[in-house]
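Those protein sequences? They're chains A and B, same order as listed.
Residues in the first sequence are numbered from 138 upward in steps of one, following the working numbering.
Residues in the second sequence are numbered from 40 upward in steps of one, following the working numbering.
Please keep in mind that the hints were generated in silico from the structure rather than gathered at the bench.
Please note that a few of the clues may not be correct.
Here are the simulated lysine-lysine pairs, DSS-like style, with alpha carbons at most 25 Å apart [to be verified]:
(1) B:Lys186 with A:Lys211
(2) A:Lys211 with B:Lys106
(3) B:Lys493 with A:Lys455
A few chain B residues that don't get close to chain A, going by computed Cβ distances all over 12 Å [unchecked claim]:
(4) Met90
(5) Tyr207
(6) Gly211
(7) Glu233
(8) Arg282
(9) Gln372
(10) Tyr383
(11) Gly503
(12) Asp554
(13) Met559
(14) Asp566
(15) Val579
(16) Lys611
(17) Ser674
(18) Gly675
Backbone N, C-alpha and C define an ideal beta-carbon position, used for all residues, glycine too.
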Amino acid sequence: MDENKLKADALVVGGGIAGMQSALDLADQGYQVILVEKEPSIGGKMIMLSKVFPTLDCASCITTPKMSAVANNKNIRILSYSEIQSIQKNGSGFIANVLKKPRFVVEETCTGCRLCEYACPVDIPNPFDLNIGAIRAVRVPFSTAVPQIAVLDMDNCILCGKCARACPVDSIDFLQTEKEVEIEVDTLIIATGFETTPIDAKKEYGNGKLHNVIDGLIMERLLAPTGPYARVIRPGDGKEPESIAYVQCAGSRDETLGVPYCSRICCMYAIKQAMLIAGSLPMADITIYYMDIRTFGKGYEQFYQNAQAMGIEFVKGKVAKISEDENQNPVVRVELIDENSQIIERTHDMIVLSVGMIPKYNPSQVYGVNVDEFGFVKSPTPNLSSTKTNQPGIFATGASTGPMDIVDSINSASAAASSAASYLESVRNGK
Amino acid sequence: MTEKTNPKPEETKIGVYVCYCGGNISDVVDVEKVAEKMREHPNVTIARTDMSMCSDAGQSIVENDIKELGLNRVVIGACAPSLHEHTFRGTVARGGLNPYFFHHVGLREQDSWVHSNNPGGATEKAIRLMYAGIAKANLLKPLDMIKLKAERHALVIGGGVAGLRAAYDIAGRGINVTLIEKTPFLGGRMAQLETVFPTGNNAREDLHSLINEVRTHPLITIHTLSELVNIRGYIGNYDVQIRSQSRGVSGDNAEAALAACTQEVPDDFNYGLTKRKVVYRAYEGCFPSTPAVDWEHYDGKPIEIDGQKVIFENKKKTFDLRIGAIVIATGFQPYEPPRGDYGYDELPEVVTLPQFIRHMGLRDGNVGELTWKGHPVRDIAAIHCVGSRHLAGVHEPQPDGILNNYCSRVCCTATLHQVNELLDEYPNINVYDFYEDIRTYGLEHESYYTEASKKMVRFLRFHGDQRPEVVAAPEGDTHPVLVKGKDYLTNGLEVEVPVDLVILAVGMVPRPVDDLVDMMKIPKGDDRFLLEVHPKLRPVETPVPGIVLAGTAQSPMNIQESCNAASAAAAKVAVLLAAGQVELDPYVANVDLDKCEGTGACIEVCEYEDAIVLETMTVEGKEVQRAVVTPANCSGCGNCVSACPHHAIDVQGWEVAHYEAMVDAITMEVEI
């Protein structure tokens, strides 16, 4: 078949946990699925995480096998490092135009041996570690990436040619260009996920300029065994923190940031991180400043109670301001609501902002689907069939439809697969 | 022993892999030392470690080693086999080996997690467990999965919104569905609501749109008043028996019977706030629309219809179906506080939120003034977390010994939604909301909290161990009831709020389904809800193949979450049944007919029906009885293995010889 024209039953846009689950559930029913992922590897946000609540399984223990299952499923084809350009209606189905970005590495021959990476003299901030660690300009994106194919960052490449000489299979191609691929499918699932609310948005919290204030996702990388330092240290000076505080709702339930909604995951990830820190830095004091603790899922309330029993301090109070002292220690100003509403200033070694979720991508233009004021895909039937969109044949799942945790995303993804399968059957039976 | 039953183990070339498990194992166990030790083993061709063996990169290493080094056995030390044994079996198969030439050693759940305070001991244990795995791998034989035809027919238990959603989605995939509902009417708990968040839609209108899709679908058969009474078989081929009761009335006689009936009982649809006849409809517009007799309460006396005395008869019938997969959507019931808790069932002014919703629905369009039992309502208190978030050592366990320590997830938004609607209609009512944490977590839910604040709902925050009390007000007081508590938004101030009505935001408990649990051998969690295999890997599946969960039988959920879970359950059923064939692990009993003497001891101890039976066969011209296994019915539990006096039975893949070799390896005297 002409590689510029592909045909399948379903197109899943986004290779995070939701997109992977939708693709697997369709493929396992015998449908042909194409999975388009913008990044060089599938895995989404979940593969970046340390451990996941409430089971404390390591995130890769859940994600990497799913990634592998996707890669090895004969009914799924992954188009990584590719973006949807446009979607046209085609009868009851769709034609998607996809731009395959150049990796400057020949996908068909690259074996993922990483010799190019070892040869490359250019270190750049590692996007997989949210730019805190370093990585080479040409590299396999991360150790468990799928596909295991190198990608070259042309913006930072100095064209020294060391990688090309090191490559045993002659896969480096400095002249590679982008490629357009046309995909004809009968149904589409949007699984474009989320990003975290920006750390520099809030003036009261230092606009991202305070040395030892990080966000929850960076803490995930610090806690992850595959992370940049494999331990928790202050970004400002590399010291091991003895007192760490979490500021909840630092990007959610905040109309001044344009995010009035609750992001659902932050209470649980803060508690989880606090527990993990308590494990790796047993002497550290950990405080969580909160408005309401929202541990609503199955097993979550017990998780919260366990954290309290471990000695993690929960302080009811919305942090008004974060500043820093002469030693770059962050200082919080907070009203202790449970203690006579005293207003105090407390110094910590490090602060983690529990940032919330905003949509990664607004699909309204390209897909013609309705979105809400924040850019989340809006279902016409949010209760009975939340993955439906106003466009017949287009479904949306996971965090593209609103903040949700992994468990809820996975159910939503399977639900989208179910709805898409029903749509495929109804189209085929000419209903 | 003959040569035939005890073949010499072929010379094995074993690949051994020890996983860091992203730190889960390596933080405690010295993984490199374990691999080092394995390299000294004579059967081991290669021993490697990896940060996560289950990743595609990790699996590729194994695949390549099989191909390039000619490995013929693989042993991986990683998480529990329940997580990734299946994953690695696929890896081994892709490498070109029989997938059962693989043994999975649990180094996480069985070692690093339980010995985190003793790294040295954990490392030694890991080494010994790995030795045992190698000892077993030496003896492994090739096996094939058991392939079975699967009936393309699903049974959905429960006709609430989750069951309806699951049924419709499974049928949408071209699979037949039988939906059974215990009561005479479809709709479940959702029918008892008035409006739903976050749309504000009428609950029954939304519900009826789904019911109409379900009842007109050609592949769905609905049986109301029906229950599962027996189940046999296995995934793809369950033989189920369903018992149905009759409606008691039909056709022309139905309306007349409804009109003529005079016996009244508390109306469960309205949570006992009103009474209804024993010939009844759940509500106007319900489906099916034909009334039914409430057999539990009908006194059996004749009712006079058109001058004739009629006694209703419950014509029960049972029927059998062959089913490929089962969806359990048995739902929840609102927590009912014990008498006296928060004044419930003692003070007439204390209601649960579901009751209050019914009260609002029952008003006949009179918007002038809200009344409760004839009295005007001016001040209302809502109390959250009733029956939820209980604390060990503070709250009493429930009568069944279980502490309701979970959050019921729905009650915060449901309460504020109801309060806001109430205040839209009756802006002069004062609402006092006693809460611990407000959990309006969904995308559009926080706005209910914001709106309630704007509508001047007074929020008072209690601590979980100091919950408010509800007491009768002294005679002659302005209000009938006082709510007393400490408000931690105002420095723990002692408050006493006089109100006309107290609404208890009660949590969810699963409907009692112990009969199903026993019949199907599915597990319940510590919170009584049905338990999934793994919240992320297999979130709607039970450990029993082909039995999946939908909705609030599994945990508290709102309607959106229930429908998503139900659709997810439908996807799993479609995956299982779409191909019309299922595959099972071959870990089943296997009889060595040369040793079997037909004693039948195996059958006596077998707990599974038709898993092992005696059949007559001819051996050396003589008719004898011999044990024969039906692999699909066998669970591989091994009871028969221990019972057989002639050692004629073994479980494939887990033979007695395997255990002996493993025990020898674990207890081997060796310097570690």
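A quick look at each hint next to the structure:
1. B:Lys186 with A:Lys211: 20 Å, holds
2. A:Lys211 with B:Lys106: 20 Å, holds
3. B:Lys493 with A:Lys455: 19 Å, holds
4. Met90: 6 Å, violated
5. Tyr207: 8 Å, violated
6. Gly211: 3 Å, violated
7. Glu233: 14 Å, holds
8. Arg282: Given that every Cβ of chain A is farther than 12 Å from that of B:Arg282, nearest at about 30 Å, it holds.
9. Gln372: 18 Å, holds
10. Tyr383: 22 Å, holds
11. Gly503: The assertion about B:Gly503 is violated, with a minimum of 9 Å to chain A.
12. Asp554: 23 Å, holds
13. Met559: 20 Å, holds
14. Asp566: Non-interface label on B:Asp566 violated, nearest chain A Cβ at 8 Å vs cutoff 12 Å.
15. Val579: 7 Å, violated
16. Lys611: 7 Å, violated
17. Ser674: 25 Å, holds
18. Gly675: Per Cβ check, B:Gly675 is outside 12 Å of chain A; nearest 24 Å; holds.
Hints 4, 5, 6, 11, 14, 15, 16, counting from the list given before, are not met by this structure.
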